[in-house]
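Letter by letter, the sequence shown follows residues 30 to 441 in the working numbering.
Because the hints were derived from the structure by calculation, they are not lab data. Heads up, the beta-carbon is just placed ideally off N, CA and C, and yes, glycines get one too. There's no promise every hint is true.
As the list claims (entries may be wrong) - Listed next, the in silico DSS-like pairs over lysine-lysine satisfying Cα-Cα at most 25 Å (straight line):
1. Lys-317 with Lys-346
2. Lys-57 with Lys-67
3. Lys-370 with Lys-308
4. Lys-146 with Lys-174
5. Lys-138 with Lys-174
To be verified - Here are the in silico distance ranges between beta carbons for each label pair:
6. Thr-72 with Ser-190: 52 to 58 Å
7. Asn-70 with Gln-391: 27 to 33 Å
8. Gly-313 with Gly-239: 48 to 54 Å
9. Gln-395 with Lys-189: 40 to 46 Å
10. Pro-143 with Ser-190: 16 to 22 Å
11. Gly-239 with Ile-136: 19 to 25 Å
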Amino acid sequence: MGNQLMTGSFQLMKSINRSLILNLIREKGPISRADIAKLTNLTPPTVSNLVKELLRAEIVIERNLGESSGGRKPTLLTLNGEMFHVIGVDIGSHDIKLILTSIMGKIIKRNALPIPKDITNETLLALIIESISLLLENEEVDEEKIVGIGIGMHGIVDVKSGVSIFAPNLNLHNIPIKEVLEKQFNMIVKLENDARAMSLGELWFGNGAGVDSFVCINVGYGIGAGIIINRKLFHGNNYISGEIGHMVIDINGPQCTCGNYGCLQTFASGPALVDTVKKEIRLGHPSKLSEMTGNNLELITGGLIHRAALDGDELSKAALEQAGRYLGVGLTNLIHTINPKRIILGGGVSNAGDLLLHSLIQTINQRALTEAAKQTDIIISKFGSDATSMGAVALILAELFTSRGTETAANY
Numbered sequence: 030m031g032n033q034l035m036t037g038s039f040q041l042m043k044s045i046n047r048s049l050i051l052n053l054i055r056e057k058g059p060i061s062r063a064d065i066a067k068l069t070n071l072t073p074p075t076v077s078n079l080v081k082e083l084l085r086a087e088i089v090i091e092r093n094l095g096e097s098s099g100g101r102k103p104t105l106l107t108l109n110g111e112m113f114h115v116i117g118v119d120i121g122s123h124d125i126k127l128i129l130t131s132i133m134g135k136i137i138k139r140n141a142l143p144i145p146k147d148i149t150n151e152t153l154l155a156l157i158i159e160s161i162s163l164l165l166e167n168e169e170v171d172e173e174k175i176v177g178i179g180i181g182m183h184g185i186v187d188v189k190s191g192v193s194i195f196a197p198n199l200n201l202h203n204i205p206i207k208e209v210l211e212k213q214f215n216m217i218v219k220l221e222n223d224a225r226a227m228s229l230g231e232l233w234f235g236n237g238a239g240v241d242s243f244v245c246i247n248v249g250y251g252i253g254a255g256i257i258i259n260r261k262l263f264h265g266n267n268y269i270s271g272e273i274g275h276m277v278i279d280i281n282g283p284q285c286t287c288g289n290y291g292c293l294q295t296f297a298s299g300p301a302l303v304d305t306v307k308k309e310i311r312l313g314h315p316s317k318l319s320e321m322t323g324n325n326l327e328l329i330t331g332g333l334i335h336r337a338a339l340d341g342d343e344l345s346k347a348a349l350e351q352a353g354r355y356l357g358v359g360l361t362n363l364i365h366t367i368n369p370k371r372i373i374l375g376g377g378v379s380n381a382g383d384l385l386l387h388s389l390i391q392t393i394n395q396r397a398l399t400e401a402a403k404q405t406d407i408i409i410s411k412f413g414s415d416a417t418s419m420g421a422v423a424l425i426l427a428e429l430f431t432s433r434g435t436e437t438a439a440n441y
């Protein structure tokens, strides 16, 4: 696919001064050239020249909305939000979810494909390519106007090389995602761990906007965290920061998929919740879930447990409360280690909302060291099941709008 226009536009957006101007227009727009010069400390002629290039490329558009203190009204600049698009991909344990958005993060289209069992590196890569191609099929949006593909992938990823080092829930190693997709689609591809991507999405568009330090927790098939410190995404030395699902809560606990015993995710993840409920029903505990599944316990899912709990099923309510307590212990440890201003919960298990939050917050209140620590903000992600996909979109926007890559959003 000849993608000369997009490559040119991407390079145009990426220089340091252009990134400064673009991010300012994104955050503060509509904004005048004079205000841009003041806020960036660039000279008015420099701003004027750079804006001229951005207008020519149709990345920025002018609006005559300004108020002046007499004389000619200033023209204000705003992003051409509908002109360019981004693809966000969430590669989970069971499916690939995709969204197509504007560069303002507005969702235009979504799609999902199941991941079959016994997947290999090659078949997974083919499936990702197929899912992106399907998203683009019969779409009015010109492929030439797509800026890039962001991917949130569960497990350990090498952010620089764009390789999935270990995807534990698919039991795959060393998948060269960035290299294969950039070659296939001829556009920039950024890969990040799903929880870290999610935290970047919350920083850019969601419940982390305006908060300097927070942690985003993805509670689904596993449990991971994305840590933002001073508006920067923290990766750690070997890209394993935030693997809180493997924080040991009970050294005598059940064995985890990682080989250790008593990890947090053996108590509070989606599969742990399902296992707890199935075990209790087998021991004779009455539950509406038996009726809901026609006594086929293998049909029980986290979503079904949530529905049963809302319907008054005592076993399901108790299981969600217990998961909340264990998560509360894990989050208390996190508060004592990082002391974030806010913790944002995303992923499938977080859909249980108040059924989970009540016991989680109660546990933090019992265990946190100080009154201030007990009051740490705990809220649910703004994006629900789109949280990782939106984070994947933010990976590309962070490349476009900041001169420091995905580490931070510019802070004015």
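Provide an ascending list of the numbers of those earlier hints which the structure does not satisfy.
3, 4, 6, 7, 10
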